[in-house]
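Peer 1: Just need the whole structure built from these sequences, with the hints factored in.
So you can see what is in the structure, the chains are spelled out below.
There are 2 protein chains.
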Amino acid sequence: MTPINESIDTYLQTNLERYIAETVRLCAQPSISARGEGVRECADLVAELFTQHGLQVQKFETPGNPVIVGRLSGRSPRTLLFYNHYDVQPPEPLEEWTTPPFEPTIRDGMLFARGVGDDKGELTARLAAMDAVRAAHSGELPCGVVYVAEGEEEVGSHNIAAFVREHIDLLKCNGAVWEGGGVDEEGGTGTTLGLRGVLNVELEVQLMTMDAHSGGAHIFPSSVWRLIRALVSIKDEHERILIPGFYDQVKPPTELDLQLLDAQPDHEARMREMLGIREFVNGLTGKDLGRAVFNPTCNIQGFTAGYQGPGSKTIVPARASAKVDFRLVPDQDPVDILAKLRRHLDSQGFTDVTVTKKGAMWPFKASADDPFIAMAKRIGEELYQQPYRINPLGGGSSPEYAFAGPLGNIPIIDAGVGYFNGRGHAPDENIRLADFLQGSQYLARILNEFASLG
Amino acid sequence: MTPINESIDTYLQTNLERYIAETVRLCAQPSISARGEGVRECADLVAELFTQHGLQVQKFETPGNPVIVGRLSGRSPRTLLFYNHYDVQPPEPLEEWTTPPFEPTIRDGMLFARGVGDDKGELTARLAAMDAVRAAHSGELPCGVVYVAEGEEEVGSHNIAAFVREHIDLLKCNGAVWEGGGVDEEGGTGTTLGLRGVLNVELEVQLMTMDAHSGGAHIFPSSVWRLIRALVSIKDEHERILIPGFYDQVKPPTELDLQLLDAQPDHEARMREMLGIREFVNGLTGKDLGRAVFNPTCNIQGFTAGYQGPGSKTIVPARASAKVDFRLVPDQDPVDILAKLRRHLDSQGFTDVTVTKKGAMWPFKASADDPFIAMAKRIGEELYQQPYRINPLGGGSSPEYAFAGPLGNIPIIDAGVGYFNGRGHAPDENIRLADFLQGSQYLARILNEFASLG
Numbered sequence: 216m217t218p219i220n221e222s223i224d225t226y227l228q229t230n231l232e233r234y235i236a237e238t239v240r241l242c243a244q245p246s247i248s249a250r251g252e253g254v255r256e257c258a259d260l261v262a263e264l265f266t267q268h269g270l271q272v273q274k275f276e277t278p279g280n281p282v283i284v285g286r287l288s289g290r291s292p293r294t295l296l297f298y299n300h301y302d303v304q305p306p307e308p309l310e311e312w313t314t315p316p317f318e319p320t321i322r323d324g325m326l327f328a329r330g331v332g333d334d335k336g337e338l339t340a341r342l343a344a345m346d347a348v349r350a351a352h353s354g355e356l357p358c359g360v361v362y363v364a365e366g367e368e369e370v371g372s373h374n375i376a377a378f379v380r381e382h383i384d385l386l387k388c389n390g391a392v393w394e395g396g397g398v399d400e401e402g403g404t405g406t407t408l409g410l411r412g413v414l415n416v417e418l419e420v421q422l423m424t425m426d427a428h429s430g431g432a433h434i435f436p437s438s439v440w441r442l443i444r445a446l447v448s449i450k451d452e453h454e455r456i457l458i459p460g461f462y463d464q465v466k467p468p469t470e471l472d473l474q475l476l477d478a479q480p481d482h483e484a485r486m487r488e489m490l491g492i493r494e495f496v497n498g499l500t501g502k503d504l505g506r507a508v509f510n511p512t513c514n515i516q517g518f519t520a521g522y523q524g525p526g527s528k529t530i531v532p533a534r535a536s537a538k539v540d541f542r543l544v545p546d547q548d549p550v551d552i553l554a555k556l557r558r559h560l561d562s563q564g565f566t567d568v569t570v571t572k573k574g575a576m577w578p579f580k581a582s583a584d585d586p587f588i589a590m591a592k593r594i595g596e597e598l599y600q601q602p603y604r605i606n607p608l609g610g611g612s613s614p615e616y617a618f619a620g621p622l623g624n625i626p627i628i629d630a631g632v633g634y635f636n637g638r639g640h641a642p643d644e645n646i647r648l649a650d651f652l653q654g655s656q657y658l659a660r661i662l663n664e665f666a667s668l669g
Numbered sequence: 216m217t218p219i220n221e222s223i224d225t226y227l228q229t230n231l232e233r234y235i236a237e238t239v240r241l242c243a244q245p246s247i248s249a250r251g252e253g254v255r256e257c258a259d260l261v262a263e264l265f266t267q268h269g270l271q272v273q274k275f276e277t278p279g280n281p282v283i284v285g286r287l288s289g290r291s292p293r294t295l296l297f298y299n300h301y302d303v304q305p306p307e308p309l310e311e312w313t314t315p316p317f318e319p320t321i322r323d324g325m326l327f328a329r330g331v332g333d334d335k336g337e338l339t340a341r342l343a344a345m346d347a348v349r350a351a352h353s354g355e356l357p358c359g360v361v362y363v364a365e366g367e368e369e370v371g372s373h374n375i376a377a378f379v380r381e382h383i384d385l386l387k388c389n390g391a392v393w394e395g396g397g398v399d400e401e402g403g404t405g406t407t408l409g410l411r412g413v414l415n416v417e418l419e420v421q422l423m424t425m426d427a428h429s430g431g432a433h434i435f436p437s438s439v440w441r442l443i444r445a446l447v448s449i450k451d452e453h454e455r456i457l458i459p460g461f462y463d464q465v466k467p468p469t470e471l472d473l474q475l476l477d478a479q480p481d482h483e484a485r486m487r488e489m490l491g492i493r494e495f496v497n498g499l500t501g502k503d504l505g506r507a508v509f510n511p512t513c514n515i516q517g518f519t520a521g522y523q524g525p526g527s528k529t530i531v532p533a534r535a536s537a538k539v540d541f542r543l544v545p546d547q548d549p550v551d552i553l554a555k556l557r558r559h560l561d562s563q564g565f566t567d568v569t570v571t572k573k574g575a576m577w578p579f580k581a582s583a584d585d586p587f588i589a590m591a592k593r594i595g596e597e598l599y600q601q602p603y604r605i606n607p608l609g610g611g612s613s614p615e616y617a618f619a620g621p622l623g624n625i626p627i628i629d630a631g632v633g634y635f636n637g638r639g640h641a642p643d644e645n646i647r648l649a650d651f652l653q654g655s656q657y658l659a660r661i662l663n664e665f666a667s668l669g
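Going down the list, the protein sequences come from chains X and D. So the first sequence is numbered by my numbering: it starts at 216 and just counts up by one. So the second sequence is numbered by my numbering: it starts at 216 and just counts up by one.
Worth double-checking, as some hints may not be accurate.
Note that the list lumps identical chains together, so a pair holds whenever it fits in one copy or between two copies.
DSBU-like, lysine-lysine: derived pairs with alpha carbons at most 30 Å apart [stated by the list, open to error]:
1. 555 to 528
2. 502 to 528
3. 572 to 555
4. 387 to 466
5. 274 to 528
6. 528 to 466
7. 573 to 274
8. 466 to 555
Keep in mind the hints are simulated off the structure, nothing from the lab. Predicted, not measured: the structure shown is a model, and the values here were computed from it.
Peer 2: Below, the structure is given as structure tokens:
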């Protein structure tokens with residue numbers, strides 16, 4: 216081990232309790248963006264933490280929640296950006312928590328709290344890493360850092376793309392570390408090269424001004440049936456989306472993508488058990504399950520119509536609506552898909568189906584052979600003593616695209632403190648203290664070496 | 216006018232206030248079967264009223280709410296049965312009532328209260344009619360009467376069919392007066408010869424044990440899409456039901472049925488305005504709207520799946536369900552249709568769609584040329600001075616079938632105290648006091664002459 220890494224590890228080991236205490240303090244502050252609870256207080260707390268760690272801090276108001284930016288220059292002009300968010304998911308159902316979600320508690324080497332893995336523990340680990348690297352270099356960082364903490368990740372990051380575009384100079388960097396990552400079932404780490412985009416829409420039909428008696432169903436137009444017919448026109452039974460031009464911009468996976476996908480851990484049995492799944496979409500099994508992430512999807516998040524209580528109610532409902540999300544693969548564009556969806560519905564005669572855009576993210580995919588990825592792989596395998604897994608495309612969506620392109624096609628990696636059973640978004644969310652330490656070491660090594668890539 | 220009818224009218228006019236007071240008392244007692252509120256108290260109040268009017272009263276427990284039966288024999292062995300129900304719809308939304316639903320109030324010659332038209336005012340009018348006929352005949356009725364008041368009509372009359380089958384001797388009669396009827400827009404009255412049956416089912420799909428992240432929609436099976444595919448397999452875009460054998464027992468309307476339908480008042484413009492309808496089912500207009508009641512229907516009362524709050528939630532829902540009602544025409548059988556629905560779903564591969572029966576009623580249709588109908592027509596036209604309308608088939612469903620067949624194919628007529636704008640099931644439900652008087656006169660004349668049909 217190099218003397219610098221030894222110094223980093225000693226520093227982090229010695230100061231671990233202090234960083235855990237800082238994590239506890241941050242997690243004790245609710246910041247539920249879905250209902251605005253504690254969000255502004257948490258933004259201020261993040262700004263205070265950044266200041267305490269020696270960053271130059273700016274708080275930016277947005278149409279939603281504040282964005283906190285902390286910066287510090289280093290010996291090299293190269294700069295590494297850390298993306299985090301200080302908002303958390305709602306903690307409900309509360310009765311399923313062993314200890315209250317905003318009273319962080321250590322049990323069996325784990326720290327339990329809402330947001331501890333997603334994403335507050337990661338934020339403090341990154342501050343710990345910076346402190347350790349500075350200490351190892353007599354107080355000066357080898358490269359510059361920019362910490363960005365937004366407050367709307369759990370509700371769709373609606374304002375971050377505009378924020379980045381308006382603050383390109385402030386955020387200028389040569390690479391970024393995203394939230395997430397952490398330890399897989401084999402004890403190793405890895406990264407995801409990209410994520411799918413998403414178009415969230417609400418489809419709505421209202422053919423009457425109020426519900427009518429179902430004894431008149433032979434004459435009263437049904438908004439529910441109408442919406443169902445519209446939905447069926449969008450996707451066939453084999454998951455093929457029928458909107459003309461929907462697949463025009465789809466880039467198929469490369470040979471390398473497929474190799475990387477095939478090398479991912481096999482979660483089939485675990486998913487079957489965890490979710491009680493008897494058959495996956497289109498009967499997929501084995502490696503085809505992994506490869507299917509390159510298929511864009513049309514999912515119904517929710518469907519609302521008419522009477523939903525116990526028993527029956529003799530009505531033809533006046534209104535029906537469905538929340539639909541399209542997950543988009545590179546290089547599909549949610550704005551283009553939205554226009555094509557509208558055109559498709561119109562051409563099929565569904566002019567009575569309204570489409571309301573609820574949110575959009577673009578797909579993003581970094582290059583597998585970027586030197587930053589290679590460096591993360593080398594450091595990750597050395598530290599975790601396990602193969603580094605590169606997932607070419609994650610199924611979800613995040614605002615990576617909002618940073619990567621505008622900041623000059625920077626490479627982005629994941630590097631976190633979570634693990635495969637961290638119960639993100641669920642009751643008893645937790646991190647393992649050992650992962651926090653190892654994750655901090657990993658982050659510090661990356662930060663320490665980042666200047667050398669330039 | 217005959218001396219008997221003169222005596223009847225004088226009696227009813229003189230005692231009107233007393234019967235309105237009785238109606239007020241009955242309506243002041245909540246009896247919301249949907250949530251059991253006040254139902255048993257109301258049953259006891261009905262039994263008390265029956266006793267006060269000189270009926271021999273029996274209270275029968277059922278698996279649901281009690282059935283109250285009041286009987287009195289007459290000079291002739293012929294007997295007329297009156298069907299009523301003492302339960303009412305929930306009064307919500309309360310804020311839309313001008314005066315509270317269970318504080319009956321007279322305004323502008325109308326009595327406002329939940330249940331006053333449906334069906335408590337009709338019950339008291341029938342007691343008034345009996346009193347008037349007895350008074351005109353020195354205390355003895357010309358025919359026997361059986362009053363049946365059940366307490367579950369507003370929740371599907373689940374126990375009345377079994378009750379009738381178990382008490383055939385007690386309920387023996389030669390004809391029945393149903394609830395409903397009253398005054399149409401032209402000031403006349405009429406009857407409906409029959410009603411459609413209904414099969415209420417809940418279709419449910421659950422392909423996962425819990426909701427999963429919609430970033431996995433390319434592999435996670437969607438219960439919502441699955442349910443939608445199953446529904447689409449049941450009915451085509453032109454309202455044709457695709458279940459094999461569904462139409463086997465359908466009896467098409469006769470030439471007389473069509474004539475009677477064509478003679479019904481034209482509600483097209485009113486329905487368009489009231490419900491904001493631009494286009495009826497299958498583009499129907501004019502007389503075809505009336506005739507369509509002979510088409511059985513498959514209606515979706517409600518559809519429940521996934522997230523229904525504001526914004527989006529990134530889930531593939533684990534479960535989806537739909538409340539579906541099939542309105543059935545003579546001689547379709549809901550038990551047969553349920554079996555055919557299950558077979559159809561299985562044959563289409565939808566073995567993963569569960570079907571739960573929530574209720575069933577059989578269709579019923581009386582003969583248009585029954586002497587009882589002819590008598591009601593003659594009396595109705597004489598009293599109301601307007602053509603008597605005979606509707607061969609109503610779109611809704613009621614337990615008429617549960618009485619008519621088991622009691623020996625008795626004829627059934629409507630004769631009520633309501634009117635076209637009585638706001639049944641809605642806030643500010645009301646009857647006009649003048650209709651109450653006229654309806655009582657009509658009922659009394661029918662009761663007075665019923666013996667003569669034998």
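Peer 1: Now look at each hint and say whether the structure bears it out.
Peer 2: Here is how each hint holds up against the structure:
Only between protomers do residue 555 and residue 528 lie at most 30 Å apart by alpha-carbon distance; the minimum there is 23 Å, versus 37 Å within a single protomer. Taking CA atoms no more than 30 Å apart as the test, residue 502 paired with residue 528 passes between copies only; the shortest distance there is 28 Å, against 47 Å inside one copy. For the identical chains of this complex, residue 572 and residue 555 are intra-copy neighbours only, at 13 Å inside a copy versus 41 Å across copies, given an alpha-carbon limit of 30 Å. For the homomeric pair residue 387 and residue 466, the shortest alpha-carbon distance inside one copy (29 Å) is at most 30 Å, but the shortest distance between copies (78 Å) is not.
In this assembly of identical chains, the alpha carbons of residue 274 and residue 528 lie at most 30 Å apart only when taken from different copies (28 Å versus 53 Å within one copy). For a Cα distance limit of 30 Å, the shortest separation of residue 528 from residue 466 across copies, 27 Å, qualifies, whereas the shortest one inside one copy, 48 Å, does not. For a Cα distance limit of 30 Å, the shortest separation of residue 573 from residue 274 inside one copy, 27 Å, qualifies, whereas the shortest one across copies, 58 Å, does not. In this assembly of identical chains, the alpha carbons of residue 466 and residue 555 lie at most 30 Å apart only when taken from the same copy (18 Å versus 47 Å across copies).
Checked against the numbered hints given earlier, this structure breaks none of them.
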